[in-house]
Amino acid sequence: MIKINLLPARVIEVRRVRNLAKLLILVVLVEVIVLSAGVYSLAKQEQAWETKYDRAHERAEEVRTLEGQVAAAQRAASPLKAKVDWYESIYKHHEKIGEALEKINEYIFAKLTVRQLKLSGSTVRLNAATKDIDHVAKAYFNLLRSSNVVPGTVQMNIGKGSGGGGGGGSRG
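First residue of the sequence shown: 2, per my numbering; consecutive thereafter.
Source of the hints: derived by calculation from the structure; they are not laboratory data. Watch out, some of these pointers could steer you wrong.
[As the list claims (entries may be wrong)] With beta-carbon atoms standing in for the labels, derived distance ranges: (1) Ala138 / Lys97: 23 to 33 Å; (2) Val35 / Arg65: 38 to 48 Å; (3) Ala78 / Tyr41: 24 to 34 Å; (4) Arg65 / Val33: 28 to 38 Å; (5) Trp50 / Ala77: 36 to 46 Å.
Heads up, the beta-carbon is just placed ideally off N, CA and C, and yes, glycines get one too.
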């Protein structure tokens with residue numbers, strides 16, 4: 002089949018221009034829609050970021066408030082902490098006295114009454130009393146038998162005492 006075009010050339014050009022204009026309008030509409038969607042998504046993202054920022058800011062304020070409360074509680078608790086520390090130091094000190102007494106207890110003469118026990122470093126100071134001078138000698142020799150007592154470091158101050166018997170049954 003043969004086609005013969007009897008229309009003038011300008012009609013064909015007008016059709017081509019119209020089709021091209023339709024195509025350009027369609028491209029512009031697609032670009033406008035895509036741009037609108039992009040702007041809309043950016044606005045949504047910005048709103049989400051602002052919401053996150055506001056939440057973070059509120060939480061930061063809560064944290065600052067809690068930090069202030071914690072600091073106030075710590076200030077209020079510091080006297081109690083000092084008391085607890087004091088009690089712990091007393092406990093540790095008495096624990097050392099107990100350990101020292103356990104080490105030398107079996108060597109303390111049974112008829113010797115221990116009135117005071119002091120610790121300073123590795124030195125133990127015992128104040129004791131008895132009624133008889135012989136008991137002092139026995140106490141001295143008993144203490145020297147202990148592996149925890151260094152010979153030549155035991156000192157006995159003899160004075161008038163009113164002690165007598167206060168020791169445990171296994172000592173002697």
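Against the structure, the hints:
Range check, Ala138 to Lys97: about 29 Å between beta-carbon atoms, so the 23 to 33 Å window is met. About 44 Å separates the C-beta atoms of Val35 and Arg65, a value consistent with the hinted range of 38 to 48 Å. A hinted range of 24 to 34 Å for the beta carbons of Ala78 and Tyr41 is inconsistent with their spacing of about 54 Å. Under the hint 28 to 38 Å, the C-beta atoms of Arg65 and Val33, about 47 Å apart, miss the expected range.
Look at Trp50 against Ala77: about 40 Å separates their beta carbons, and that is inside 36 to 46 Å.
Checked against the numbered hints above, the structure breaks hints 3, 4 and satisfies the rest.
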